[in-house]
Amino acid sequence: MKERKGHMENILELHNLTKSYPKSDFTLDQISFSLPYGSILGFVGENGAGKTTTINCILNTAAKDGGTVKLFGEEMGDGDTDIREKIGVVYDGDNFPGFWTAKQLSKVMARLYQNWDEPLFRDYLERFQLPSKQKIMHYSRGMTMKLAIAAALSHHPELLILDEATSGLDPVMRDDMLDVFLEFVQEENHAILLSSHITSDLEKVADYITFIHNGRLILTAAKDELIYQYAVLRCKESQFQALDKEDILAYRKRDTQIDVLVADGKAAQKKYKDVVADHTSVDEIMLLLVKGERV
Amino acid sequence: MRRLLRNNFYVTLADAKAFTVVAVLLGVFVVAMDNAVPSLLISYLMLVMIGFPFSSAASIRKESATKWEKYKLTAPVKRMDIVKSFFVSQLLWLAVGITFAGMGVALSVALHGYPFDKDTDIFMLFVTGIGVSLFVGAVFFPMYFLGGEERSTVIMIVSLLGGIGIFMGLTTLVNKVYPENMTARQIVMSGIFMVACSAAAFAVSCPLTVWVFKKKEY
Numbered sequence: 001m002k003e004r005k006g007h008m009e010n011i012l013e014l015h016n017l018t019k020s021y022p023k024s025d026f027t028l029d030q031i032s033f034s035l036p037y038g039s040i041l042g043f044v045g046e047n048g049a050g051k052t053t054t055i056n057c058i059l060n061t062a063a064k065d066g067g068t069v070k071l072f073g074e075e076m077g078d079g080d081t082d083i084r085e086k087i088g089v090v091y092d093g094d095n096f097p098g099f100w101t102a103k104q105l106s107k108v109m110a111r112l113y114q115n116w117d118e119p120l121f122r123d124y125l126e127r128f129q130l131p132s133k134q135k136i137m138h139y140s141r142g143m144t145m146k147l148a149i150a151a152a153l154s155h156h157p158e159l160l161i162l163d164e165a166t167s168g169l170d171p172v173m174r175d176d177m178l179d180v181f182l183e184f185v186q187e188e189n190h191a192i193l194l195s196s197h198i199t200s201d202l203e204k205v206a207d208y209i210t211f212i213h214n215g216r217l218i219l220t221a222a223k224d225e226l227i228y229q230y231a232v233l234r235c236k237e238s239q240f241q242a243l244d245k246e247d248i249l250a251y252r253k254r255d256t257q258i259d260v261l262v263a264d265g266k267a268a269q270k271k272y273k274d275v276v277a278d279h280t281s282v283d284e285i286m287l288l289l290v291k292g293e294r295v
Numbered sequence: 296m297r298r299l300l301r302n303n304f305y306v307t308l309a310d311a312k313a314f315t316v317v318a319v320l321l322g323v324f325v326v327a328m329d330n331a332v333p334s335l336l337i338s339y340l341m342l343v344m345i346g347f348p349f350s351s352a353a354s355i356r357k358e359s360a361t362k363w364e365k366y367k368l369t370a371p372v373k374r375m376d377i378v379k380s381f382f383v384s385q386l387l388w389l390a391v392g393i394t395f396a397g398m399g400v401a402l403s404v405a406l407h408g409y410p411f412d413k414d415t416d417i418f419m420l421f422v423t424g425i426g427v428s429l430f431v432g433a434v435f436f437p438m439y440f441l442g443g444e445e446r447s448t449v450i451m452i453v454s455l456l457g458g459i460g461i462f463m464g465l466t467t468l469v470n471k472v473y474p475e476n477m478t479a480r481q482i483v484m485s486g487i488f489m490v491a492c493s494a495a496a497f498a499v500s501c502p503l504t505v506w507v508f509k510k511k512e513y
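Taken in sequence, the protein lines are chains A and B.
Per this note's numbering, the first sequence starts with residue 1, numbered consecutively.
Per this note's numbering, the second sequence starts with residue 296, numbered consecutively.
Derived CB-CB ranges, DEER-like:
hint, chain 1, residue 1, chain 2, residue 2, range
1, A, E9, B, L300, 37 to 43 Å
2, A, N115, B, V316, 35 to 41 Å
3, A, D80, B, L503, 21 to 27 Å
4, B, A495, A, Q134, 42 to 48 Å
5, B, K509, A, Q257, 51 to 57 Å
Keep in mind that the hints were calculated from the coordinates and are not lab data.
In this text, a Cβ means the ideal position worked out from N, Cα and C, and glycines have one as well.
Make a model of the complete structure from these sequences and hints.
Next comes the structure, spelled out in structure tokens:
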């Protein structure tokens, strides 16, 4: 993590963010995490977990009930247009009116953003093979997502907020976009909040992973820590009973085997010599945290 | 606020193009016809003066069909400016409507002569077109942001009929206040009064819409 702008090291900070929707009985419950400069934070959760609600509260498209959200060290109100100049956003699905062309979109964006870079936008259109004079409604889903990413990048943002931005793309396109994101965070004053349920994408690019489930944050950690330190113990019933409760983050019974998520695989391997400890993936961690049980 | 006018223009553009074609074709027909019975000309004036701004207002619905309405809130613009831009766009399209109406009347009068009984009749037709149009906008915008896109069809109908109704109510009031045979000065004054009332309603509707829109969540 880098120290910048005096004391500020995080481009985005959420502290005890809460938001309730009484009609749907959904509550975003005291979400806290931070996104350091120069990094990508993968925001993971199943559909309906609260990822989009969190992003809505960050971007002020929904009013939070409590807590604080700091962008670039400041709470962003409706009048803080200078902060929004520095944020690029991509939503899942149709971001722009379908009856526009990319060229018209560029003209609109040039009026909205002071730093809109028309040549850069044209470069992205060329790079992503997007016809500028074709109506957006005739683009494929992958093309509309690429257009949204191109538009988000073309006003030189410092923070990218991507809500399921890769979900409609095929693996090749996704890989291309992930390369674009990695390029973006090469600048040390840039960062990305990447909400996704495609955990393989996050394993490729994210520096930090934050898991959310039923409106609650269940884990936030560095990705390398999750991949290289966390482990899943494959236990029989008797072995499971012998485990210390404080070692167990979550467990899931599968036929005769019980999978147990632990935070320190090496320590667990030393402590429980007769138990197999496997390296794990973000996908498996998510499944264990979401579908597993806690002690 | 001015930064959003191009956005509003492109959102309205397809409807405006179609409406312009209709206005031009109908205008040619109206101008070509004898205006001894001026009902055709009156209908044309109302159509263009109410139609252009109304189609502009109704085009907001198209933003809701995608995430653009929400996306705009993440851009460096204030909610207040988004609302103001809709009101300004409405006025600009009203100006377009007035221009078409003015050209239609001028050509018809030039070709076929003056079709009305009084000199003030043309003035009152413009007062009616402008007044109804402003009342329609004043009703539509706050209701749209309050009711949302899913109720937009009924809101459009209510605002159009409501705008006409309010203006007719205002006309009834003026007719009750003044004697039966109004002088030209009284007619002009009442016309100015009615336009002032509709402009005031339009102006009050703007902060009201801002207030509603500021509470809207996406």
